[in-house]
Amino acid sequence: MTYEVAHGPAKTPRRARGVLARLADVSETRFWAYYLLLPSLVVILAVVLYPTLWGIGLSFREMRLNRLDLGTGFVGLKHYRAMIEDPVFWLALRNTVVWTVGAAVGELALGLAAALLLNRELPGFRAASVLILLPWFLPNVVAGHMWALMLDPRLGVINDMLVRVGVLNVYKAWFADPDTALASALVVEVWHGFPFFALLLLAGLKAIPNDLYEAAAIDGAGAVKQFRYVTWPQLRTIVVAAVVLRVISLVNSPDIILILTGGGPGRSTLLLSLHAFLKVNKEFNFGYGSAIAVVLFVLLMGFSYLYVRLSNVMRD
Amino acid sequence: MVHRRYLRTMSGRKRVGDVLAMAAVALIVLFAVFPIVWAFLISLKPEEDIVTATLTYIPRRVTFENYVAIWTRSNFPTLISNSAVVTLMTVAICTVIGTLASYAVARYRFVGRREMMMFYLVVRMFPAVMIIIPLFILMRGLGLLDSRLGLALAYTTFLLPVFIWMMKGFFEAVPNDLEDAARIDGASRIGAMVRVVLPLVVGGLVATAVFVAIGAWNEFLFALMLTTSTGSRTWPVGLQLMVGEFQLPWGSLAAGGIISILPVMVLFALMQRAMVRGLTAGAVKS
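Chains as they are written, first to last, in the UniProt record's numbering: chain A, 1 to 316; chain B, 1 to 286.
It should be emphasised that the hints constitute simulated quantities derived from the structure, not laboratory data.
By construction, the Cβ of each residue, glycine as well, lies at the ideal position given by its N, Cα and C atoms.
Any given hint might turn out to be false.
Stated by the list, open to error - The list that follows gives simulated cross-link-like pairs (lysine-lysine, BS3-like), each with its CA atoms no further than 27 Å apart: (1) B:Lys14 x A:Lys206; (2) A:Lys225 x A:Lys78; (3) A:Lys206 x A:Lys225; (4) B:Lys14 x A:Lys225.
As the list claims (entries may be wrong) - For the chain A half of the interface with chain B, some residues (derived, Cβ under 7 Å), not all of them: (5) Ala33; (6) Pro135; (7) Val243.
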């Protein structure tokens, strides 16, 4: 490279050809595949791996941007010990489990129902299978506020409908009541996330060969047995993969709760990811926030490993 | 006779089943699109028709004043243009770097290939908060905090792995013979890649780029943490702040939401077929 720069700008066309020819030569070497991967590796190392390792290190150190007098010294397991004694941590952990399990089960159930229905190829179903994907592509901010408008305690359309139908007597402040806040947020999350399952499961259903169903029908299997012995075993791999991916993002991203409730009322909808984010964003306690994030990461790794292992064991 | 009657009841039962299925699908579609329709209806209503004693469903008077208000009386245009710049930068970074990487893992068998793909997958498991904290400190040190380039780099953390996985599927769908033929005709590896394979995956490349663009356009948490001024703030953060600080009127909020999801809906409508193919290719093959 430097050699060619020395030729100066006068020979630009020849130099350009030279670079291309050289690139072509390089592409014939044994390491070509690695050269292609290099830029992506560098970027991921720089923006993911390096920050992550640093974040793990940070969880053992003191760092408060609003208390610089404390310094940034090594404090060992201080943050982790504080976490164990912090009742808010345990509450947030419990909320995270309820939130993740509730949303994953709800989204899988609705996504599976939608996929099974749409697999029948009736008129209009192709358009329907595109329309139901829309929520998944909508930004959290807009999704959250659309639902906040619909669930509003004074002017919400859902309150209006429920009162008209007779389910409710008076308008309800869904997000102000600690008993309904998390459940209401779950409805929003299921709306936002079920298309992901519908998309993957519908593709999975379309890939099941028809012979399997014909063979099952000849053996006298009805709709339920066909589902149990043909559809479900064929979908399993996709379901496992989809659940792992979905659980990862449910545990990791506090966006929709942050927008809908900010963790309240009280701490009834506080998730661990939100707890960590607020520690950093509001209290500037980077060390403690990192420690919570590390715990989240370890829990997720443990879950993913166990879940994939267990679902393999049960298949054998 | 028995046989025929059996057939007739079967088709009758099937017809009932079809009607039930269509009703159920209609309900699910309603659930999916109603919030969008409702926000759109609110955005068309004048304020006095929104804040009423009895709810009006269909706007009595259609007005565009909410759109004019959010666009002219707030910094919404700046927010939108910041988002556009960040999105374009993210797409550019992911497209250049991700295309090379996905081509390598789709086409070549090399030591560590499986591990590379696993690595790109595991990277997604890192909690956003865990990355945000050190990124904040790092970018502050490099002067990238509160800059659009810094935000675009942060977005590659979760969008580059997605790009590589999706693009790998599109590359694998191109038969190897085409490159082999080009190679026999004397093309170099890079020549075969650029002149033979790339033109064939343009559709997939655009779909993948659109998917990444939507992800960057919608992102909220990184932007909330890594931007502090209107010079780089994106629309999701700006809109959220307007709701919190200025008690944004409903009509304006709905109008802002509709404006900001418009590009998403248009791109999605244009590219949905290729995007669905790219998103599901990996899942179905295994």
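Going through the hints against the structure:
1. For the hint pairing lysine 14 (chain B) with lysine 206 (chain A), the CA-to-CA distance comes to about 20 Å; that is within 27 Å, so the pair holds.
2. Distance restraint check for lysine 225 (chain A) and lysine 78 (chain A): the Cα-Cα separation of roughly 56 Å exceeds the 27 Å cut-off, and the hinted pair is therefore not satisfied.
3. This hinted pair checks out: lysine 206 (chain A) and lysine 225 (chain A) have alpha carbons roughly 19 Å apart, not beyond 27 Å.
4. At most 27 Å may separate the alpha-carbon atoms for a hinted pair to count; lysine 14 (chain B) and lysine 225 (chain A) meet this at roughly 18 Å.
5. At about 4 Å, the closest approach between the beta carbon of alanine 33 (chain A) and any beta carbon in chain B falls short of 7 Å, and the interface hint on this residue holds.
6. Residue-level restraint check for proline 135 (chain A) holds (minimum Cβ-Cβ distance to chain B is 5 Å; threshold 7 Å).
7. Nearest Cβ of chain B to the Cβ of valine 243 (chain A): about 12 Å, over the 7 Å cut. The hint is violated.
The structure fails to meet hints 2, 7 from the earlier list, while all remaining hints are met.
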